[in-house]
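Undergrad: Since the structure of chain D is provided, determine the placement of chain S on it from the hints.
Protein sequences, first through last, are from chains D and S.
Heads up, the numbering used here is the position in the first sequence plus 95, with the first residue counted as 1.
Heads up, the numbering used here is the position in the second sequence plus 95, with the first residue counted as 1.
Simulated from the structure, these hints should not be mistaken for laboratory data.
Some clues are possibly wrong.
Since the list gives no way to pick out one identical chain from another, each pair is judged satisfied if it fits inside one copy or across any two copies.
[Unchecked claim] In the BS3-like style, the derived pairs of lysine-lysine whose C-alpha atoms are separated by at most 30 Å in a straight line are: (1) Lys-376 / Lys-237; (2) Lys-105 / Lys-122; (3) Lys-122 / Lys-401; (4) Lys-266 / Lys-210; (5) Lys-271 / Lys-215; (6) Lys-363 / Lys-122; (7) Lys-363 / Lys-376; (8) Lys-363 / Lys-237; (9) Lys-122 / Lys-210; (10) Lys-122 / Lys-164; (11) Lys-376 / Lys-271; (12) Lys-412 / Lys-215; (13) Lys-271 / Lys-105; (14) Lys-376 / Lys-412; (15) Lys-401 / Lys-105; (16) Lys-215 / Lys-105; (17) Lys-210 / Lys-376; (18) Lys-164 / Lys-271.
Protein chains: 2
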Amino acid sequence: MTLSNCIELKAPYLIFIGDTTSPLYAKTGLGIIQWRRGLVAGQVRFEGNDLDMGVPDLTIAEAVAAGVKSIIIGVAPVGGCIGDDWVSVLVEAANAGLDVVSGLHRRLAEYPELKAAADKAGTSLIDVRVAPENLPIGTGVKRTGKRVLMVGTDCAVGKKYSALALADCLKTRGGKATFRATGQTGIMIAGQGLPIDCIIADFVSGAAEAFSPDNDPDHWDVIEGQGSLYNASYAGVSLSLLHGSQPDAIVVCHDPCRESISSCPGAKVPSVEDCMDLNLKCGSLTNPNITCVGISVNTSQMEESKRQPYLDALAAKTGLPCIDPILNGCDAIADRLDII
Amino acid sequence: MTLSNCIELKAPYLIFIGDTTSPLYAKTGLGIIQWRRGLVAGQVRFEGNDLDMGVPDLTIAEAVAAGVKSIIIGVAPVGGCIGDDWVSVLVEAANAGLDVVSGLHRRLAEYPELKAAADKAGTSLIDVRVAPENLPIGTGVKRTGKRVLMVGTDCAVGKKYSALALADCLKTRGGKATFRATGQTGIMIAGQGLPIDCIIADFVSGAAEAFSPDNDPDHWDVIEGQGSLYNASYAGVSLSLLHGSQPDAIVVCHDPCRESISSCPGAKVPSVEDCMDLNLKCGSLTNPNITCVGISVNTSQMEESKRQPYLDALAAKTGLPCIDPILNGCDAIADRLDII
Chain D
96 MTLSNCIELK APYLIFIGDT TSPLYAKTGL GIIQWRRGLV AGQVRFEGND
146 LDMGVPDLTI AEAVAAGVKS IIIGVAPVGG CIGDDWVSVL VEAANAGLDV
196 VSGLHRRLAE YPELKAAADK AGTSLIDVRV APENLPIGTG VKRTGKRVLM
246 VGTDCAVGKK YSALALADCL KTRGGKATFR ATGQTGIMIA GQGLPIDCII
296 ADFVSGAAEA FSPDNDPDHW DVIEGQGSLY NASYAGVSLS LLHGSQPDAI
346 VVCHDPCRES ISSCPGAKVP SVEDCMDLNL KCGSLTNPNI TCVGISVNTS
396 QMEESKRQPY LDALAAKTGL PCIDPILNGC DAIADRLDII
Chain S
96 MTLSNCIELK APYLIFIGDT TSPLYAKTGL GIIQWRRGLV AGQVRFEGND
146 LDMGVPDLTI AEAVAAGVKS IIIGVAPVGG CIGDDWVSVL VEAANAGLDV
196 VSGLHRRLAE YPELKAAADK AGTSLIDVRV APENLPIGTG VKRTGKRVLM
246 VGTDCAVGKK YSALALADCL KTRGGKATFR ATGQTGIMIA GQGLPIDCII
296 ADFVSGAAEA FSPDNDPDHW DVIEGQGSLY NASYAGVSLS LLHGSQPDAI
346 VVCHDPCRES ISSCPGAKVP SVEDCMDLNL KCGSLTNPNI TCVGISVNTS
396 QMEESKRQPY LDALAAKTGL PCIDPILNGC DAIADRLDII
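Extracted from the complex, chain D is given alone in its bound form (with noise of 0.2 Å):
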């Protein structure tokens, strides 16, 4: 198994916001720049935008002779199409040699102009949302080195996050880790990962499989997860990535605040504890070691002082590590994981 067929971007990274002004639109280009500073040269907005994601702004021309080789849209798929004046400045990127990457709906090539600029200069247009061809069926067959994946009790709980905080701190201690993104966003911040959405549903354990291949037996892949057990919408996903992840550990990440399932009206969100069990049982069928590293919350939304008094309650009732990687840092579950 090799990785040949996973989405690669080359770094370093501009930054392009156009017009967006607002952060949370902006997410992708800020999510980068969180987590991968080093590998983001500068942002491109229009004049007049106050959204300042912190980089030093470029011209296309000053990109190149810093030496950029991809220009990135930042901003998160709103109606899946850009404007004209969004594509020109694509196009000229793209004239200058860079790779132009997109999450966005609308595939890039489906722009004509920007299309024969990039054919014209020999770059790549990106897009992070098609997932690659030639993906195999899953096997099951045990892969060397290890693996920690993040389960939610819903989507959009902290699984990203977590994960990128996770594989920061394996790091940081020394280990060897790597975040195995599955998700646009991810993949724009790891610069290479499988969309697990867009995958036929036949094909997505044998991507996983895939996409974290063979490895030293003491190094961490630490996948970001997708979906959860427990929504109706999306759970077979999350089955065919604990499947295809074999995952040595879980952590299960968690909204306290959240009371229903986001994508099914009048759905209950789990409790932490029904996750736990219904992911170790499923995931038992490939690998029968697999254990619960800890709980990851997302306090944001609680009242400051209820945060720690919730984690401390959620570690008495579990018996793991229970934090929120913001308050608390990943130390405690990757003290778990040196054991494994």
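TA: Chain S only, in chain D's frame:
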């Protein structure tokens, strides 16, 4: 929810097998004739082909005169491509106003002569391996009518056969029932359905919701399953189908002579009880009243004298009707459905 974006085939059919002489490769055609004899006007096979499916040999002209609406390639996908001699028959059929239906990997429209003929005659080229567009995301919202889903201890253990036999049994007893196809051969037999295994992972549960829509309170959708929660290659597909189907009842399908999971080297086939328990546990997410109404066993590979004793022992152990639909029919399972 509507069935508007399902595949739909127009009867009567002409089944085309060309020079295919193996009943195994012609299983699609044979299946259509076995289960939908009334919809089949005839067969087209090349001169010298001794494989007779038991329906009249017709030329395209004779088929048109007999009112045939579709020519179906009755051969299971093997290489994926077809030869010039096959294409010329299909072109003749399209020219004569027939829809052309295929389960092959390569799309019919990729054969230029065939596409031109269909465009000119205004007929359809229907690839049953191609998923419809604009599928919804699953919501878990409850639908009216009742549903029974075939689940399996592995792939290819008799789910399609069991669903077809059970739907026929319910109708013979005067009930309202519809076989819902989820795979290519099933779609060919049913004349409609969704090729679940060709759908982007995020949309599988939504597709399953869409293709068994609201119905009369006493109507049963009898849903062909896919894969197995215990097959690490395809379990995510099975889970999406389970959640989207919201089954009131499941039937566990099993092949007692299968020792290891088909696509996963070294993985053991689970017990019928474990398979039932996990499906009931996961299925309760979208239907808390889910129950198991029986076990359908493919005993064809067992010694004849051991078949009924095996079924009796399994019934004693599980307390459920255990049948081989070929040996026993499906009445014992239908009896259970009648009281739900």
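Undergrad: Now tell me, hint by hint, if it's right for this structure.
TA: Hint check results:
In this assembly of identical chains, Lys-376 and Lys-237 lie within 30 Å of each other by CA distance both inside one copy and across copies; the values are 18 Å within and 27 Å between. Taking identical chains as interchangeable, the C-alpha atoms of Lys-105 and Lys-122 lie at most 30 Å apart only when both belong to the same chain, with a minimum of 20 Å there against 49 Å between chains. In this assembly of identical chains, Lys-122 and Lys-401 lie within 30 Å of each other by CA distance solely inside one copy; the values are 27 Å within and 64 Å between copies. Within a single copy, Lys-266 and Lys-210 get their C-alpha atoms no closer than 39 Å, and across copies no closer than 56 Å, so neither meets the 30 Å cut-off.
For the identical chains of this complex, Lys-271 and Lys-215 are neighbours neither inside a copy (40 Å) nor across copies (62 Å), given an alpha-carbon limit of 30 Å. For the homomeric pair Lys-363 and Lys-122, the shortest alpha-carbon distance inside one copy (28 Å) is at most 30 Å, but the shortest distance between copies (45 Å) is not. With identical chains, the CA atoms of Lys-363 and Lys-376 are at most 30 Å apart both within one copy (21 Å) and between copies (16 Å). Taking the shortest alpha-carbon separations for Lys-363 and Lys-237, only the inter-copy value of 15 Å comes in at or below 30 Å, while the best intra-copy value is 35 Å.
Proximity of Lys-122 and Lys-210 under a CA criterion of 30 Å is satisfied intra-copy only: 26 Å inside one chain copy versus 45 Å between copies. When the C-alpha separation of Lys-122 and Lys-164 is checked against a cutoff of 30 Å, the pair qualifies only within one copy, where the shortest distance is 21 Å, while the shortest distance between copies is 53 Å. Taking identical chains as interchangeable, the C-alpha atoms of Lys-376 and Lys-271 lie at most 30 Å apart only when both belong to the same chain, with a minimum of 28 Å there against 37 Å between chains. Taking the closest pair of Cα atoms, Lys-412 and Lys-215 never come within 30 Å of each other, the shortest separation being 61 Å inside a single copy and 70 Å across copies.
With identical chains, the CA atoms of Lys-271 and Lys-105 are at most 30 Å apart within one copy only, with a shortest distance of 22 Å there and 59 Å across copies. Proximity of Lys-376 to Lys-412 under the C-alpha cut-off of 30 Å is found in both arrangements, the shortest distances being 20 Å within a copy and 23 Å between copies. For the homomeric pair Lys-401 and Lys-105, neither the shortest alpha-carbon distance inside one copy (43 Å) nor that between copies (63 Å) is at most 30 Å. Only within a single protomer do Lys-215 and Lys-105 lie at most 30 Å apart by alpha-carbon distance; the minimum there is 19 Å, versus 48 Å between protomers.
Taking the shortest alpha-carbon separations for Lys-210 and Lys-376, neither the intra-copy value of 48 Å nor the inter-copy value of 50 Å comes in at or below 30 Å. In this assembly of identical chains, the alpha carbons of Lys-164 and Lys-271 lie at most 30 Å apart only when taken from the same copy (27 Å versus 63 Å across copies).
Checked against the numbered hints above, the structure breaks hints 4, 5, 12, 15, 17 and satisfies the rest.
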